[in-house]
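Colleague: Using the sequences and the hints, build the whole thing.
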Amino acid sequence: SQKIEQNSEALNIQEGKTATLTCNYTNYSPAYLQWYRQDPGRGPVFLLLIRENEKEKRKERLKVTFDTTLKQSLFHITASQPADSATYLCALGDNFNKFYFGSGTKLNVKP
Amino acid sequence: ETGVTQSPTHLIKTRGQQVTLRCSSQSGHNTVSWYQQALGQGPQFIFQYYREEENGRGNFPPRFSGLQFPNYSSELNVNALELDDSALYLCASSDRDRYKSPLHFGNGTRLTVT
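Just so you know, the sequences run in chain order B and X.
Under the working numbering, the first sequence has 39 at position 39, and the numbering climbs by one with no breaks.
Each position in the second sequence, counted from 1, maps to that position plus 1000 in the working numbering.
There's no promise every hint is true.
Said to hold, decoys possible - Using 20 Å as the maximum straight-line C-alpha spacing, the simulated EDC-like pairs for lysine to aspartate or glutamate come out as follows:
id: 1; chain 1: X; residue 1: K1013; chain 2: X; residue 2: E1082
id: 2; chain 1: B; residue 1: K106; chain 2: B; residue 2: D84
id: 3; chain 1: B; residue 1: K71; chain 2: B; residue 2: D39
id: 4; chain 1: X; residue 1: K1013; chain 2: X; residue 2: D1084
id: 5; chain 1: B; residue 1: K98; chain 2: X; residue 2: E1054
id: 6; chain 1: X; residue 1: K1013; chain 2: X; residue 2: D1095
id: 7; chain 1: B; residue 1: K98; chain 2: B; residue 2: E5
id: 8; chain 1: B; residue 1: K71; chain 2: B; residue 2: E15
id: 9; chain 1: B; residue 1: K98; chain 2: X; residue 2: E1075
id: 10; chain 1: B; residue 1: K98; chain 2: X; residue 2: D1084
id: 11; chain 1: B; residue 1: K71; chain 2: B; residue 2: E54
id: 12; chain 1: B; residue 1: K106; chain 2: B; residue 2: D39
id: 13; chain 1: B; residue 1: K98; chain 2: X; residue 2: E1053
id: 14; chain 1: B; residue 1: K98; chain 2: X; residue 2: E1052
id: 15; chain 1: B; residue 1: K57; chain 2: B; residue 2: D67
Hints in this document: simulated from the structure, not taken from any laboratory.
Modeller: What follows is the structure, given as structure tokens:
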């Protein structure tokens, strides 16, 4: 079965720096990959989508890369702010809108 | 547009009992998916309904069942509750006819089984 790995340890960075989160997967060929943000006690919120034939996608301070050869996606938040502190989840999608999530990485941005 | 709403927000049940969780999809969405999220873990796919038919299932036993209604609202039923069923249950709606539509989640139902 598919396996999706995200850094289980929390990422602690200083305000203003770039946060980089990693998502690795095996035994799967996703049609696309999405990143979600989850705050405590809330459902995940969609951030960005990248398709299998795309290398990079940007939205404001967010950037996602997708390397289907390495089976890896990187998620970057530039000029990070304390309000960016949350858990970030990657999700692999198939062509029927079914998604498989990683366990998430908690990001702490310190002022 | 109204978002995804789930009820109840919290629930405590005893092992062996049955539970029904409810979800109201975002307007215009024809697909609903249910996920189980244990503490510190990512959401695990339970199943998906598209236009009232089950359209895919994750690695969950048959005591997890669901329904989708003509107005695209949905229920998740769990029979013979076990202690390990304690988790946050998330409902997500999407428009499967819009290619690669993202999931829109509710804030979940926190189920505790004692």
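Colleague: None of the hints should be skipped; say for each whether it holds.
Modeller: Verification of the supplied hints:
no.	hint	result
1	X/K1013 <-> X/E1082	holds (10 Å)
2	B/K106 <-> B/D84	holds (10 Å)
3	B/K71 <-> B/D39	violated (27 Å)
4	X/K1013 <-> X/D1084	holds (12 Å)
5	B/K98 <-> X/E1054	holds (12 Å)
6	X/K1013 <-> X/D1095	violated (33 Å)
7	B/K98 <-> B/E5	holds (18 Å)
8	B/K71 <-> B/E15	violated (30 Å)
9	B/K98 <-> X/E1075	holds (18 Å)
10	B/K98 <-> X/D1084	violated (24 Å)
11	B/K71 <-> B/E54	holds (13 Å)
12	B/K106 <-> B/D39	holds (10 Å)
13	B/K98 <-> X/E1053	holds (14 Å)
14	B/K98 <-> X/E1052	holds (16 Å)
15	B/K57 <-> B/D67	holds (12 Å)
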